[in-house]
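Chains as they are written, first to last, in our numbering: chain A, 1 to 620; chain B, 1 to 134.
You may find that some hints are simply not true.
[As the list claims (entries may be wrong)] To give a feel for the contact side, a few chain B residues facing chain A, derived at Cβ under 8 Å: (1) Phe46; (2) Ala89; (3) Val92.
Note that these hints are calculated values from the structure, not bench results. Note that the coordinates shown come from a computational prediction; the quantities given were computed from them, not determined experimentally. We put the beta carbon where it would ideally sit given N, CA and C, even for glycine.
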Amino acid sequence: MLRKDRQSEPAAKSASGDQEEQAQQHSDAFAAEEPFNPQTAMILWRMRTPLIILICVYAIAILGLVLIPGVDDQGRPWHMSFFHAFYLVSYTATTIGFGEIPYPLTDAQRMWVLITIYMTVVAWFYAIGSILALVQDPVYQQARKQSRFKKEVSRLNESFYLVCGLGETGYEIVRALSNEHYRAIVIEKNADSLLDHNVHYLPEYVPVLIADASIPKYLKMAGIAKDNCKGVIAATASDEINLKVAISSKLLHPHIMVVCRSDIQSYEENMRSFDTDFVVNPFHTFATIFSMLLHSPSMHMIFNWLTGAPDSQLNQDEEPLRLAHGSWILCGYGRFGKMLYRKMLKHGIETAILEADESICEQFRNDFPEHADKVITGSGVDAATLGRAGITGAVGIIAGTNDDSNNLSIIMTARQLNPDIFVVARQNMHDNTELFERSEADLVMQPREIIARIIRAQLLNALLIPFLLKASKQDEQWINVVVSRMIAVIGDRKPYVWTSIIDEENAPALIRALQLGRKVCLRCLATDPAARNHQLECVALLHERNGRKTLMPDDEIELQPGDKILFCGKREARNAMQWSMQVMSSLNYVMTYESEPESYIWRKFGRRYRGEERRRQPRQ
Amino acid sequence: MEEKKVWFSNERVWFSFFMILALTLNFGFFIGELDDPEHHNVFELFAVIIVNLIATILKFGDRTQMGPMLLATSLVAVVQLISAAIVWAFAVHINDTGLTPSVMATIVSLSGGALLANVVSVILLIIETTFQRR
Chain A
1 MLRKDRQSEP
11 AAKSASGDQE
21 EQAQQHSDAF
31 AAEEPFNPQT
41 AMILWRMRTP
51 LIILICVYAI
61 AILGLVLIPG
71 VDDQGRPWHM
81 SFFHAFYLVS
91 YTATTIGFGE
101 IPYPLTDAQR
111 MWVLITIYMT
121 VVAWFYAIGS
131 ILALVQDPVY
141 QQARKQSRFK
151 KEVSRLNESF
161 YLVCGLGETG
171 YEIVRALSNE
181 HYRAIVIEKN
191 ADSLLDHNVH
201 YLPEYVPVLI
211 ADASIPKYLK
221 MAGIAKDNCK
231 GVIAATASDE
241 INLKVAISSK
251 LLHPHIMVVC
261 RSDIQSYEEN
271 MRSFDTDFVV
281 NPFHTFATIF
291 SMLLHSPSMH
301 MIFNWLTGAP
311 DSQLNQDEEP
321 LRLAHGSWIL
331 CGYGRFGKML
341 YRKMLKHGIE
351 TAILEADESI
361 CEQFRNDFPE
371 HADKVITGSG
381 VDAATLGRAG
391 ITGAVGIIAG
401 TNDDSNNLSI
411 IMTARQLNPD
421 IFVVARQNMH
431 DNTELFERSE
441 ADLVMQPREI
451 IARIIRAQLL
461 NALLIPFLLK
471 ASKQDEQWIN
481 VVVSRMIAVI
491 GDRKPYVWTS
501 IIDEENAPAL
511 IRALQLGRKV
521 CLRCLATDPA
531 ARNHQLECVA
541 LLHERNGRKT
551 LMPDDEIELQ
561 PGDKILFCGK
571 REARNAMQWS
581 MQVMSSLNYV
591 MTYESEPESY
601 IWRKFGRRYR
611 GEERRRQPRQ
Chain B
1 MEEKKVWFSN
11 ERVWFSFFMI
21 LALTLNFGFF
31 IGELDDPEHH
41 NVFELFAVII
51 VNLIATILKF
61 GDRTQMGPML
71 LATSLVAVVQ
81 LISAAIVWAF
91 AVHINDTGLT
101 PSVMATIVSL
111 SGGALLANVV
121 SVILLIIETT
131 FQRR
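I would like the entire structure built from these sequences, with the hints used as guidance.
This is how it looks when you write it as structure tokens:
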């Protein structure tokens, strides 16, 4: 079929390879609009031969029975009609066998029926066998799965996110979305990763397409062009695929939110160049986290709490990581080492660098002539090089090579030489998680975990990352106040983080109150609508109005339509808060300590009843 | 295989053969006095039905632009012919009215409708062949 189309395409006939390719795309587009869906077409195509054989066999059998003379019950010559012949063949061929109807058969007829039985039964077996073979055909199964997937996507009319890549990162993101009852659609190239990450146990049903996300056709199949597709998350392990997904998304659905994972700087810059909304580089992110730790250990703890997995348990007596002042050793000056070194320089920490590759050492000496004596050639896995870097006097060591065995070896050697040293480790392969846990490194950088944290935070609460960045610029004392306020409201579970948006959709009651000219302050939102003298267990972290962000907003701040407030606290507090945002009587109760009838009739009665009293005490 | 320049393919021959045979047999059954059972042979009706069924199934796989149209005409013909056969079986075996002129007229008109569908089918085949092969 493709061939025919191409021949009838005049441009393709005379043209160069480029146009040839275009013609191919045209015919592909045509194939997509074929009259049947692919699986029906496949069944029909494959069943042609068996069906024709079946019809021929039936025709021969019926014709034979009609032509061969028989006798009726009185022994007179009798010819079977087509009606009776078709009846007899039908029940014989399907091995039902009602017997010799309407009259006992003659021997000649029996001879023919004998042949008929074998012919027809074999024809049926062939037909059934063909269907079974077709059903097991991988091509057919693929077609069936794809058409089912298409149906699921077209039926999905809630807003959803498209997640490309179901690795460790992709799964974490899908799980977080699903737990918050957002819908997600997954494209994953490797069918085996479905076995490792079973998305069917999640609270929301997640359609999965086994296909290469870098091919735009599959992105379209997964509904990227649909209006209810809210965003695309490119979380595959390959930067190249992520880049391709980001470009395709921006072209197929302009203005869609695109979140991208990127490990390599040049790709990251490329992605940012065409307005990718959010690019996460694990090294860059870890450097920021590390910088937070250098600045204030409590800040690092806040970061951990707010971005952790939603249902994880908190250790109540968890102490912030304590860093002693002194010199550090950085092993490995690659992508990871470079980013961290820049942060260490910023914080004015004296650092010795161990790097096995002489050319990289040379480059470092050129880049930082004033620190040229700090770099030592050597991998750091042996006691001698670590000793030269001053391991006994150092307070911290960073095992940051791109080889997990080397990193583990560095940690163990360093601990032997200096048991109290603070260890930061870079983990490259996900499979080694257990080894790094056993190594008791104080801080482990796992690329996938970090990416999942950041993307999760970005998708669920867009204000969370601005809060963290703003907060990490504050001083230690301010941060400690925040930590103590957070500890006061959260229990032993990780704080739940949510964003309250003051608009018609999310807070109809509040908007109505504001339209009536009443003043609603932040304190009202944080009051328990079930018991007015009780405050909800939550802390307002950030308040945004017209792009202006205020850290730790004051309780007396007056709310306006369009405000967004980032809270952290208990999940129950969020549920309670929704009452006062959405139900007028709850809001009135928290504002005035007085409940007001909600329904039309009771409102009428209530007015008449308390008319005077209301006038005497005007509500604010 | 696709690169070979063939002016006809085996499949195409069988395809056309069955479609035209369906038309000719149908015509053979249809021709004659409308209500005279002597002019319309039951074996001929049987042959028309079988050939039409085969032609329909051959069209299952035809994925040219004309394919759906061809399949539709064939399905129409099959439905008409099977109705004719059912009417026949009803008259002879179930109602025991026998082939009265009115019953015969019904059967033959039904086959006439099928004939029309087969004519359309063959015309479409000719159009397709003329436009496709240059």
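For this session: Provide an ascending list of the numbers of those earlier hints which the structure does not satisfy.
Result: Nothing - there is no hint that the structure violates, so all of them hold.
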